[in-house]
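*Asks:* Residue strings, one per chain:
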Amino acid sequence: MTMQAASTEIASRTAAIIDEMKGLEGPLLPILHSIQEEFGYVPKDALPVIADGLNLSRAEVHGVASFYHDFRAKPAGRHVLKLCQAEACQSMGSDAVAAKVKQLLGIDFHETARDGSVTLEPVYCLGLCACSPSAMLDGEVIGRLDDEKIEEIVAEVRS
Amino acid sequence: MIPRIYIPADSGALALGAEKVARAIEKELKERGVEAKIVRNGSRGAYFLEPMVEVATDRGRVAYGPVKPSDVKSLFDSGFLTGGHHKRWLGAPDKIPFLAKQTRLTFARCGINDPLSLDAYKSLGGLRGLQNAVAMAPADVVKQVTESGLRGRGGAGFPTGIKWKTVLDTAGAQKYIVCNADEGDSATFADRMIMEGDPFVLIEGMAIAGIATGATKGFVYIRSEYPHAVATMNKAVAIARKAGVLGLNVLGSPNAFDMEIRVGAGAYVCGEETSLLNSLEGKRGVVRAKPPLPAIQGLFGKPTVINNVISLASVPIIMDKGATFYKDFGMGRSRGTIPIQIAGNVRNGGLFETAFGLTLGEIVDEIGGGTASGRPVKAVQVGGPLGAYFPRALFDTPFDYEEFAKRDGLIGHAGITVFDDTADMLKQARFAMEFCAVESCGKCTPCRIGSTRGVEVLDKVAAGIEAEKNLALVTDLCNTMKFGSLCALGGFTPYPVMSSITHFPEDFKPAPARVAAE
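Just so you know, the protein sequences line up as chains L and R, in that order. Sequential numbering from 88 applies to the first sequence in our numbering. Sequential numbering from 88 applies to the second sequence in our numbering.
Just so you know, the hints here were simulated from the structure itself, not pulled from any lab data. Treat the hints with care, since some could be wrong.
Said to hold, decoys possible - Computed Cβ-Cβ distance ranges for the label pairs, DEER-style:
1) Lys161/L / Arg146/R: 27 to 37 Å
2) Gly226/L / Asp181/R: 25 to 35 Å
3) Asp139/L / Asp181/R: 56 to 66 Å
4) Asp164/R / Glu243/L: 48 to 58 Å
5) Lys155/R / Ser144/L: 14 to 24 Å
6) Ala103/L / Gln261/R: 21 to 31 Å
7) Asp164/R / Asp202/L: 19 to 29 Å
8) Pro485/R / Asp202/L: 53 to 63 Å
9) Asp511/R / Lys187/L: 30 to 40 Å
From the three backbone atoms N, C-alpha and C, an ideal C-beta is built for every residue, glycine too.
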């Protein structure tokens with residue numbers, strides 16, 4: 088996924104996704120999700136193809152894709168680690184957890200490690216508020232983070 | 088009889104290691120050559136006991152928890168398949184005090200069985216409400232929901248039946264039911280639990296709403312942070328469609344209703360109903376001005392019921408047991424039950440469904456058991472990031488929409504975050520403003536710019552720069568945001584900020600004085 092596809096290939100794969108989904112009511116978000124699943128991010132070259140396929144302006148498509156936190160403009164690392172920073176996790180020390188993870192990985196929020204191993208992101212609530220502090224690693228949920236679990240996570244993303 | 092072992096697959100249980108426990112149990116069964124059926128149920132919501140493993144015995148279910156993978160061998164040695172004693176033994180799950188003290192109406196089935204077994208759903212009273220509804224005139228269904236006193240559980244507390252009546256009375260070739268499952272508030276997980284633990288109750292509630300209002304299509308808008316809920320709901324919809332619960336003839340009646348699951352994309356503001364509708368339409372999640380009400384011009388400009396997950400999931404029991412049954416629970420104008428979510432720095436965290444009326448103190452101290460850290464409780468935030476921080480002095484406030492409003496708070500989606508005495512309320516107030524700045528949709532000025540100015544001014548207070556003058560400025564700013572914002576994001580951000588300033592003034596004193604005071 089870290090290899091960026093060529094623009095012609097992006098266009099053809101995007102067109103196939105649009106064909107499959109444009110019959111939905113309000114298809115733009117499902118299409119953007121599918122594109123992100125396909126490429127690991129929403130490539131700039133996909134936007135005019137979507138605009139064309141849905142009869143929207145490029146500005147409208149760009150406006151939607153950039154409004155939502157989920158849609159990436161560039162590929163993420165091999166792993167994506169999200170740390171919950173919302174109130175319930177704050178009450179259980181999520182600040183200290185974030186500081187420790189940032190230090191161990193050598194990156195800040197919204198950054199990808201130089202070796203492409205991991206992207207670190209804050210998230211505002213995973214609905215695990217009775218199991219704080221919590222995190223999500225590649226879609227898997229982790230609760231009651233402590234030093235041991237943090238070290239396990241760091242070891243996993245580094246391997 | 089082959090023993091049955093229940094291991095939750097709810098996200099909360101998974102986050103605490105339920106998958107590893109399941110694998111350890113499978114391995115142990117294999118090694119010992121014992122035959123048993125493993126059922127992956129939802130969670131009953133006692134998260135301090137998760138992963139809670141249950142075994143069906145001749146004398147009923149026996150629970151064990153919290154189970155670690157390293158406990159598995161000794162559980163087998165203790166004969167847990169027949170309910171044997173062990174240090175993790177909890178006895179019958181419905182006798183566990185945290186669960187026994189609840190009044191479970193909406194969550195009656197949650198966590199008991201495989202959430203995707205429609206037969207199990209029916210065996211515990213599922214689909215009876217829908218069966219009653221298909222045999223009634225739409226106006227009578229709406230009347231029953233109105234009479235039950237059910238109010239929007241998303242936070243606004245608007246009477247559900249009145250919303251439905253507006254949609255029923257509005258002519259339209261196409262009407263929609265939209266379920267708001269964008270549960271972004273910290274401390275809340277009731278929607279997630281029901282979607283993962285009893286998805287058919289939400290489907291049933293939406294089908295009833297469709298029949299009551301003449302809507303034939305439904306959407307559930309689930310936040311992307313809930314991948315397990317999305318997966319379970321998608322599977323449940325396919326099962327319901329195959330079984331004729333959804334489709335052209337709902338339960339064999341002439342009523343058509345079908346639904347789709349849609350996934351959000353990480354925007355908190357999309358939990359606001361009009362921005363959710365814009366998002367579903369494929370637009371930026373920007374708030375719409377009201378009027379027109381969504382009930383008149385909602386999704387794609389069509390009459391639309393938009394309700395929270397818990398509101399819709401509470402409808403089946405109302406249609407099954409009647410409006411009076413439901414209305415008899417609760418106090419004042421807050422009728423029925425409310426799933427309170429006890430979270431944060433608390434010993435017994437989890438979901439506690441009960442009739443309205445318990446005091447905040449009873450919830451935090453008695454049910455929640457105080458803080459997890461063992462330190463004194465300093466503040467509790469009720470109602471998510473836009474809810475007020477209450478000090479101990481307000482612990483006599485009964486859990487009721489109006490009682491909380493009287494004390495400049497709100498119950499919101501009924502999440503409670505407990506903080507111990509290490510909490511810095513100035514930091515919490517600043518976070519509220521910062522969060523609003525990050526998540527603002529940008530449509531209205533008080534929210535978009537006010538939140539950023541709020542962060543700056545609170546930073547000055549923290550730095551001890553003209554603290555008094557700057558606090559007066561924050562107060563004035565909060566007033567502008569409260570009355571000038573289009574939606575609850577900008578309009579309610581003042582609640583956590585002002586409650587922190589009002590109830591915890593010592594945390595806002597200039598830095599040197601704060602150090603000297605300690």
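*Asks:* All the hints need checking, so say for each whether the structure fits it.
*Replies:* Quick rundown of the hints versus the structure:
1. Lys161/L / Arg146/R: 27 to 37 Å: Taking Cβ atoms as reference, Lys161/L and Arg146/R lie about 59 Å apart, which means the hint is violated.
2. Gly226/L / Asp181/R: 25 to 35 Å: 33 Å, holds
3. Asp139/L / Asp181/R: 56 to 66 Å: The hint (56 to 66 Å, Cβ to Cβ) holds, given that Asp139/L and Asp181/R are roughly 58 Å apart.
4. Asp164/R / Glu243/L: 48 to 58 Å: 32 Å, violated
5. Lys155/R / Ser144/L: 14 to 24 Å: 56 Å, violated
6. Ala103/L / Gln261/R: 21 to 31 Å: 29 Å, holds
7. Asp164/R / Asp202/L: 19 to 29 Å: Because 46 Å falls outside the window, the suggested range is violated.
8. Pro485/R / Asp202/L: 53 to 63 Å: Cβ of Pro485/R to Cβ of Asp202/L: about 56 Å, so the range 53 to 63 Å holds.
9. Asp511/R / Lys187/L: 30 to 40 Å: 19 Å, violated
Hint check: violations occur at hints 1, 4, 5, 7 and 9; the rest are consistent with the structure.
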